[in-house]
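Participant: Sequence:
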Amino acid sequence: MKKSVTLEESLKRIEELEKENAALREELEYYRNRKLSGRQKHNAKWMAIYNDFVAGYESGMTMIEIAKRNNVSERTIYRYKAYYDKMRNTKENVKE
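Take the sequence shown: its letter number 24 is residue 24 in UniProt numbering, and every next letter is one higher.
Incorrect hints may have been included.
[Claimed, not checked] Once the Cα atoms are required to be at most 25 Å apart in a straight line, the calculated DMTMM-like pairs of lysine to aspartate or glutamate come out as: (1) K19 to D52; (2) K45 to E27; (3) K45 to E58.
[Unchecked claim] Label pairs and their computed distance ranges (CB to CB): (4) A48 to R25: 52 to 62 Å; (5) N33 to T62: 18 to 28 Å; (6) K81 to E18: 13 to 23 Å; (7) E26 to V72: 34 to 44 Å; (8) N51 to R25: 36 to 46 Å; (9) L28 to Y78: 14 to 24 Å; (10) R75 to E27: 48 to 58 Å; (11) Y30 to S4: 54 to 64 Å; (12) N43 to R88: 53 to 63 Å.
Note that these hints are calculated values from the structure, not bench results. Beta carbons: idealized from backbone N, C-alpha and C, even for Gly.
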């Protein structure tokens, strides 16, 4: 059995779907604009501090001096050092 649909019913359904679509677009915009939580690895800020860490570390600065200069925790600097060591190891293995 096929249900007969009138023009008025169709227009009413289209209006309902447009309202639902607008609500979903608002929700989508909220999720696009929200701030992601947690550490954002390798974004521009991370890379800037990391590059400054590398320059300071290779010039002989202590970890504490580098942390104070960049206004980050010592733990963060040790994370950068671990990443630095990992990258150095990878480059040395490739050269051999």
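Participant: Please work out if K45 and E58 have their alpha carbons no farther apart than 25 Å.
Facilitator: 20 Å, holds
Participant: Range first: 13 to 23 Å. Now tell me if the beta carbons of K81 and E18 are that far apart.
Facilitator: With a Cβ separation near 55 Å, K81 and E18 fall outside 13 to 23 Å, so the hint is violated.
Participant: Do the Cβ positions of Y30 and S4 conform to the proposed distance bound of 54 to 64 Å?
Facilitator: Since Y30 and S4 have Cβ atoms about 40 Å apart, the given range 54 to 64 Å is violated.
Participant: For a C-alpha distance cap of 25 Å, please report whether K45 and E27 respect it.
Facilitator: With Cα atoms ~28 Å apart, K45 and E27 exceed 25 Å; violated.
Participant: Quick check: does the Cβ-Cβ distance between E26 and V72 fall within 34 to 44 Å?
Facilitator: 37 Å, holds
Participant: Given the hint that K19 pairs with D52, does the C-alpha gap stay at or below 25 Å?
Facilitator: Violated. K19 to D52 sits at ~51 Å, over the 25 Å cutoff.
Participant: Given the hint of 18 to 28 Å, is the C-beta distance from N33 to T62 inside that range or not?
Facilitator: 40 Å, violated
Participant: Given a hint of 53 to 63 Å, does the C-beta separation of N43 and R88 actually sit inside it?
Facilitator: With Cβ atoms ~22 Å apart, the hint is violated.
Participant: Take a look at whether the Cβ-Cβ distance between A48 and R25 falls inside 52 to 62 Å.
Facilitator: Violated, since A48 and R25 (Cβ atoms, about 35 Å apart) do not stay within the stated range.
Participant: Falls inside 36 to 46 Å, the C-beta gap from N51 to R25?
Facilitator: The hinted range 36 to 46 Å holds for N51 and R25, with Cβ atoms some 39 Å apart.
Participant: Does the Cβ pair R75, E27 satisfy 48 to 58 Å?
Facilitator: Given a distance of about 36 Å, which is not inside 48 to 58 Å, the answer is violated.
Participant: If you check the beta carbons of L28 and Y78, does the distance land in 14 to 24 Å?
Facilitator: Once the Cβ atoms are compared, 39 Å apart, the range 14 to 24 Å for Y78 and L28 is violated.
Of the numbered hints stated above, those contradicted by the structure are hints 1, 2, 4, 5, 6, 9, 10, 11, 12, listed in ascending order.
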